[in-house]
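As they're listed, the protein sequences go chains A and B. To get my numbering, take the position in the first sequence, counting from 1, and add 3. To get my numbering, take the position in the second sequence, counting from 1, and add 318.
Hints are all accurate, no fakes.
Listed next, the in silico EDC-like pairs over lysine to aspartate or glutamate satisfying Cα-Cα at most 16 Å (straight line):
| no. | chain 1 | residue 1 | chain 2 | residue 2 |
| --- | --- | --- | --- | --- |
| 1 | B | LYS425 | B | ASP394 |
| 2 | A | LYS87 | A | ASP66 |
| 3 | B | LYS330 | A | ASP19 |
| 4 | A | LYS72 | A | ASP58 |
| 5 | B | LYS351 | B | GLU320 |
| 6 | B | LYS335 | A | ASP14 |
| 7 | B | LYS369 | B | ASP394 |
| 8 | B | LYS330 | A | ASP14 |
| 9 | B | LYS335 | A | ASP12 |
| 10 | B | LYS372 | B | GLU402 |
| 11 | B | LYS351 | B | GLU422 |
Pairwise CB distance ranges (calculated):
| no. | chain 1 | residue 1 | chain 2 | residue 2 | range |
| --- | --- | --- | --- | --- | --- |
| 12 | B | GLU418 | A | THR70 | 49 to 57 Å |
| 13 | A | TYR10 | B | ALA409 | 21 to 29 Å |
| 14 | A | THR22 | B | LYS401 | 34 to 42 Å |
Source of the hints: derived by calculation from the structure; they are not laboratory data. Glycine residues also receive a C-beta, built at the ideal position from the N, C-alpha and C atoms.
Listed here are the chains, written in short residue letters.
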Amino acid sequence: MALALPYPDMDFVPLDILTAAEQDQLVANIEYIANQFPLSATNIANSAVTKDKLDSALTNISDYSTTEKSTGFTWIDGKTIYKKTIEFGVLPDTTSKAVNLNITNLGRIIGSEAFCVYPTGVNFPIPFTNVNDFDASVMLNFTATQVAITTGTDRSGATGYVTVFYTKTS
Amino acid sequence: MEIILDRIAIWKADFHKGYTVRTIPTHTRYQEKGVFAYSDKLMYRYAKNYKVGKTEFCLFVRTFRDDKNGVETELDKVAKTIKEDYAKKIAMLSTVENFEYLNEFLKGDK
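Just chain B, same shape as in the assembly (with noise of 0.2 Å):
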């Protein structure tokens, strides 16, 4: 799969406790509004464990965005949607390779 500008994916807990950030170095191919790119300044992933019911699950997304607590909001926000059962299906068909983009984007960014 590709990195998708914005657009915020679930997939099994992380091995992290907390909520992460990670920057990704320029000249990074991604897609945006369904066009491919190559960024050309730097570009942050986000991470952050949730639990819903007994079954934790991740959400990440990669963004320009550089405002930590911003985004954390709205990863906050997006997390009491998940149920659980899609949650423990998410952890059982995780893969290092294998997620699922949500139907959902930072905000602005839809």
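So here's chain A without its partners, still in its complex pose (with noise of 0.2 Å):
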């Protein structure tokens, strides 16, 4: 965009004393260029964005919540992706246990991390193989309503959380 300045010819490098007809003239090329770019969805006013509102929507993009948040990302379609993170309580003793999202309007879940851990410390990643002892594999699976998790040996001493990606219907 080329800009038509009103007094483009301004002669100024640093330690010059300007007049006040030169001031005049230097605030008069100010108001100018802030007026060639009004408000709209991709100019913001001076001032609009604060620190308290910049840490907010970080918090909300960065955080996680077992409350529904926004992540601030658009899945392929252009919907917004939110994240919500279910305390799955303890695993299942060699069979499955679903537990509800508890997510209203669901539309397509585009991905989730998981992990479980033990009082002593030791966890890992759910789902979870075992190229050694295929019963130590952990499955993990959502339905519409539920996420699902299904053990192989008792796992009951572990304790699980899910993050669960989604877009929603409206």
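Relying on the hints, combine the two individually framed chains into one complex.
Here's what the structure looks like:
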């Protein structure tokens, strides 16, 4: 965008003392530039971006929570991606266990992060595979309303957490 | 920074396109050979934009000399010694108050 400043030929270098008239010209140039970029979807007002607002936005994007959060990202269909962490509780003993997602208007699940932790501090991601002992593996899957974990051995000593990333229908 | 008499400075390219002169009123504080003084006659500020490679920069100097053409010749000579990387650095760092003095003085005043 070419700018046609009202005073394009201002002659100024550092330490110059500007006359009152020249200072007026400088202000006119600044006002002109400001007026070329009115507020819109892509231009924001002076002082509109405050530290509090930035902190709030970043917290929303980066924090994990058991309540629904917008990630600030969108899926390939343009829909907003949300995330929510499910406190799964203890894992099952050689069986399956399902926990409700409690997500309203769930559109599409696009990913998940899950892990479990033992009181001793041992933890591992879910799903978990063990090449030496297949029964030690832990399976993770979702239905439209629930997240399910299946274990091939007793994992009841471990507590699980599942963060699900999804879009919504509305 | 202070006005250092006859010392050539470099800054980002100024608005103007040509070679400009500005008179500076008397009683202006300046430094000459490390000593501060107040001018008792008109001082002149000469400035000219140059280009090295694709990068523009401005050389300027404040002096009591009123021979516009002579000062321009000396600025032109110094401009030819400016490397593009240095000019790029100056362009990035320049603000209304931030510029750099070169180790170059107008002839006869070193």
